[in-house]
Amino acid sequence: MISTRHRAVIEFVLDHLVWFILIAVVALFSFTVPSYFQIGIFANIVEQSTFVATLAIGLSLLIIAGYMDLSVESVMALAAMVIGILFAKSGVGLGLTLTPAWLIVPVSLAIALAVGAVVGASNAFFVVRLKMNAFIVTLAAYIWGRGLVVALSGGRSAQELPAELRFLAIERFLSVPLIAWVSIAATLAFAFILNKTPFGRHLLLVGGNATAAYRAGIRVDRLTATTFVLAGAIAGLAGWLLAIRTSGATANLGVGMLFQTFAAVVIGGVSLKGGVGSLTGVYAGVLLLASIQTAINLMGMPAHFTQLIQGGMVLVAVLLDTVKIAIRKKLA
Amino acid sequence: MNKLIATLAGAAALAAATFLTPAFAQEKGTIYYLVPTLLDEFQTGSVSAIEKFMGDVGYKTVTLNADNKTDVQQGQMNDVIALKPSAIVLAAVDFNALKPQIEAARAAGIPVMEFDRQITSTPSDLTSVAGTVEIGHVAAGEIERLLKEKNGSVKGKVLQVLGDPGDPYTLDIQKGFEEKMKAFPDVTIISKPAMQWEASNAGSIVSDQLLANPDIDLVFVHAAHLAVAAVASMEAAGKKPGDVLLVSSNGAPVGLDLIRKGWEQVEVEQPLFAQAAALAMFADKVVNKQEIKPGKYEVLGLDGEVTIETWGPNIKLPGAAITKGNVDDPKFWGNMKTPESKVTPVP
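From first to last, the protein sequence lines stand for chains A and B.
Okay, so the first sequence: first residue is 1 according to full-length UniProt numbering, each after it adds one.
Okay, so the second sequence: first residue is 1 according to full-length UniProt numbering, each after it adds one.
Careful, some of the hints might be misleading.
As the list claims (entries may be wrong) - What follows is a set of in silico ranges between Cβ atoms, one per label pair, in the way DEER data are often shown:
| # | chain 1 | residue 1 | chain 2 | residue 2 | range |
| --- | --- | --- | --- | --- | --- |
| 1 | A | Ser175 | B | Lys261 | 24 to 34 Å |
| 2 | A | Met132 | B | Glu144 | 37 to 47 Å |
| 3 | A | Ala189 | B | Ala82 | 49 to 59 Å |
| 4 | A | Ser175 | B | Asn326 | 39 to 49 Å |
| 5 | B | Asn326 | A | Leu308 | 22 to 32 Å |
Calculated directly from the structure, the hints in this document are not laboratory data.
Heads up, the beta-carbon is just placed ideally off N, CA and C, and yes, glycines get one too.
Using the sequences and the hints given, assemble the complete structure.
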């Protein structure tokens, strides 16, 4: 018989397992990888997590709601390219200026969010209204989204965003660039929404059992459509941040981030069956992947090992999830 | 599912390219250009250059994009063979995987020309390359000069940011660069690949390495779009133009902009225009299956050399070093001024 206190400890460890793994991995690298243990490197890890972490918010929300969104990477690239074309001064950038100059921050952010929201709304229309399969609809958006990036840019890049935007990537608070703080703030805000608001609770219910949620009076279609639009807008936010960091956009910007995002979401404990997951766990999953990537950047290890390790970690995460469920059943 | 969609998209593109072909196609026939991707500026530039120069010598060019997928390009080759064009220009996604399709095309009487990416495992009718290993050599020469100017002798620390480690293009540049730099034991080279040629990956590598090795003298990136992300990381690390030297390759417009702004010192150009023009100059000979004689040929003012290799006639064109002194020269493709003069066929 397990005491209540022991049960609480075990539950806490299970709920935050990915954070414990992250701490262990960072400690291991700090002892074994030269130059790893320093504030600058930890700040880099947080900075490099910015884009995947932001993408992972929207993807997690949709997976928790029981859907799939493969379009987020292309939506991010599309938003980045639109910002690049409108505001960058070199390449295909039009170099638009606003008066006063700081207006570029809210205006470009609004444009990026709108680009993402439009693609999200299109996905929602096909999935919710036309009852098409979300996997196929968002796969199509993944393909046409990247195609639109190439078509808009003609394969060229847009470079040199104005200093009024670039300061977000250059200026730091507690050694971490402001763009990373934007991502952290978004993660915390949506974690709060998911855990503490009716919208979040309904999302978990719908993902767990959509029929039961419908019978309980939840407007499932509206909730699903809203989540698709949110996921699109959040991907637009990721694109805005990525454009600021790279001072523009290239046609292949963000290629490969979809798979990193999926890996982080799974490692972070979001169940692909829906109804289960926490955004803080997902953020820990992103940090874990970035920590490994940074260690590889600093070691002499060939980059091919990154994908090998990431793939292995996803498998381990799924295995751990199975073990967690088994332990919880025993505790019950 | 990905394959099915890619095949359908390829078939649709092919059908559109075929059925929308204007009736007034150039008199000598149609040449298909199989471009590996349109996600980088060199490849995008190659499309307009090849279409322009082939038009000069009387051929219509239809371009098909493989989106960096070997299987898609293999399917495109199979489809194009069925259309019996005058010739195929191939810039292979994978240097070896296209061998069966090249052999099938040539067996069907369709000549195959290789653009930019040299395939040595099977013969083709003409190969036009800059010599990626040689680009590495040119970069090494420039880096030798820059380190000497900065440190008094050829010594220091160089961060080399490769492209995707699965791409032979970047591996060849690395090979050329490192074999020349072996002569300088006081130069430490740290090599890291930017997976999938993605800019933010390159930016992350530069950020990490500037912290782990604050004494880095020079960053050498294998493509100009990676240089942009490298500069963004340097700027975020508080560096000013010239604090860390920067050398890049391929000569894309963004690289030239960085030279003008002082962030980059040298861009090693791949002579895109000359590479494309060389194919057009010999197109008649290739299509009519006439002999291409070895020797020196002037291509858009550059000295090209044709040699007969085991894989067929091969024209190699020298890469040029672009610096602040010559950055505005219109002959560099990065200045986006396609030469107006017409290419004429080699008699």
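Hint by hint, here is what the structure shows:
1. A/Ser175 <-> B/Lys261: 24 to 34 Å: 27 Å, holds
2. A/Met132 <-> B/Glu144: 37 to 47 Å: 59 Å, violated
3. A/Ala189 <-> B/Ala82: 49 to 59 Å: 56 Å, holds
4. A/Ser175 <-> B/Asn326: 39 to 49 Å: This hint holds: roughly 41 Å between Cβ atoms.
5. B/Asn326 <-> A/Leu308: 22 to 32 Å: For B/Asn326 and A/Leu308 the Cβ distance comes to about 44 Å; the hint is violated.
Violated hints, in rising order: 2 and 5; the structure is consistent with all others.
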